[in-house]
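Student: This is what each chain is made of:
Protein chains: 2
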Amino acid sequence: MLKKERHDLIMRQINLHNRVLTSDLVSLLNVSEDTIRRDLQELSESKRLIKVHGGALSTSYQSSFDDVHVYARDAKRCIAKKAIGLIKDGMVILTGGGTTLIELAKLLPPQLTATFFTVSPYVAIELAKYEKLEVILIGGLFSKNSQVTYGSHVINQLSEINADLCLIGTSAVHPTNGLTDTDWEINQLKKKMLSSSKRAAILCISEKLNTTQRLKVASLENINYLITEIDAACTELNDYRIKTLKIL
Amino acid sequence: MLKKERHDLIMRQINLHNRVLTSDLVSLLNVSEDTIRRDLQELSESKRLIKVHGGALSTSYQSSFDDVHVYARDAKRCIAKKAIGLIKDGMVILTGGGTTLIELAKLLPPQLTATFFTVSPYVAIELAKYEKLEVILIGGLFSKNSQVTYGSHVINQLSEINADLCLIGTSAVHPTNGLTDTDWEINQLKKKMLSSSKRAAILCISEKLNTTQRLKVASLENINYLITEIDAACTELNDYRIKTLKIL
DNA sequence: TTAAACCCCGCAAAAACACGCAAAAAAAAA
DNA sequence: TTTTTTTTTGCGTGTTTTTGCGGGGTTTAA
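Line order of the protein sequences matches chains A and B. So the first sequence is numbered by the working numbering: it starts at 200 and just counts up by one. So the second sequence is numbered by the working numbering: it starts at 200 and just counts up by one.
For the record, the hints were derived by calculation from the structure and aren't laboratory data. Please note that the accuracy of each hint is not assured.
Any copy will do: because identical chains look the same in the list, a pair fits if it lies in one copy or spans two.
Below 27 Å or equal to it, Euclidean Cα-Cα: the simulated BS3-like pairs (lysine-lysine) are [what the hints assert, rightly or not]:
id, residue 1, residue 2
1, Lys407, Lys246
2, Lys328, Lys305
3, Lys246, Lys415
4, Lys445, Lys305
5, Lys407, Lys250
6, Lys397, Lys250
7, Lys343, Lys250
8, Lys343, Lys305
9, Lys246, Lys445
Being a predicted model, the structure only gives us computed values, none of them experimental.
Given the sequences, and given the hints that come with them, work out the whole structure.
Tutor: The structure is reproduced here in structure tokens:
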């Protein structure tokens, strides 16, 4: 059999089943493991599949949301990196949705071992790319606006969770008004998320500082970390310097 | 033999089998390897075939590489359209994951009003684009392989659901072995999904017909609809014609 | 911890290939 | 027809590609 044909058959298997085991290919194609491994290596190098221990995966799933334009991506990445500094091996993390959290999910250290609960399918999909993470997607009604799960079912499940750290984005932060939002259901959700975690970090690009929305989620006193893309020492953040809130 | 005749014979072989081995041509035409190699070289230069190590391929041999991301997409869309025919306003639908289901989610009629339960974040994201659909993402552990939620928590939630129609893809279908799969957890999940619905439809591209994987999900008797991209009257499907199974 | 499965690396044999050369064949010219 | 020229072919030789195997390391699951 020609090598190209073999590659073709392998790709067929991958496209058919989304994943394939090296051992299955060995018996299917009647060649040695080494040959299969070398084939997978090559196909992997040309990005036609993703090689993993014991076999290979389809690329089709992995590349769905990569090239979406993200507003202020650099700022969000900067925030994400700071937030990642809070995450240690073995922690249980609870995350909300939003582009900043998705960026964060893309920038985690590859060898991190942790448990992530999230209400965002997008975040879950990104987190699932890390071998060592346990990812739990909290289920419930799916919000068309916020693209997260919400509603009583989600709230119920959050009651059973006690995370080490909660990471959420926000619509608005204000020195006296604290954390505010526009949507009542999302508001409820964030409140519950905060109460389901020992510590909470707010990820917030600087232009949302000093703004207020209609519905209050939490006071600054209930938050442990405020993370923006600007330097923690910057005077712009002076109004937020209270004892219980660490600015990163 | 004239060179031109040889070339014609080589092309005939190529057109006949889509591929040819150098060694086969040597014994077929009783000339030296070098001659064959030179012929293939020439034919390749005039783009009549594609030369590869060990032989040559037809130019019309489209490797599945060329359309990795859209592999069998047409087939899947065809299947999706047939499956959509089963969906009526007001129904409660339960869906699994997989590319076919994602295609289906993209092709729904815009004004459909229905409730969708799904274990796939991808499907949920697509469904959320329809104004009139209620989308419930069933939460739980998120499978890195299958990209769906799974595990006991999912199973528990499925216990509380009684859908009108369950739509799932499959790894393999066989006339006697029925529905089979490779992953134990996904296996459990599919079993439960089937039992959580009044009717069940299997979405399956024809290449998966007559194949079997390690673990049994269900017999054909437990399935109500088998949907492939090929015509329902096609003889290829004869082995699947049992009273309780409608082929679309 | 151990056993099994998986992976990586380098080697060596076999297969495939490339290139020059000269004989053979074909074509062209005398 | 004979001679010359061109083309084609097969062979020898050396190179590259492919493949299986052994040894040894790593990962995984019990």
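Student: Now, for every hint given, state plainly whether the structure supports it.
Tutor: Hint-by-hint comparison with the structure:
1. Lys407 to Lys246: between (34 Å within a copy, 25 Å between copies)
2. Lys328 to Lys305: both (9 Å within a copy, 24 Å between copies)
3. Lys246 to Lys415: neither (47 Å within a copy, 33 Å between copies)
4. Lys445 to Lys305: For Lys445 and Lys305, the Cα distance is within 27 Å only inside one copy (24 Å; across copies 44 Å).
5. Lys407 to Lys250: Answer is between: at 23 Å across copies they meet the 27 Å cutoff, but 31 Å inside does not.
6. Lys397 to Lys250: neither (38 Å within a copy, 39 Å between copies)
7. Lys343 to Lys250: between (34 Å within a copy, 14 Å between copies)
8. Lys343 to Lys305: Both. Shortest intra-copy (23 Å) and inter-copy (15 Å) distances satisfy the 27 Å Cα cut-off.
9. Lys246 to Lys445: Neither, since 42 Å and 40 Å both go past 27 Å.
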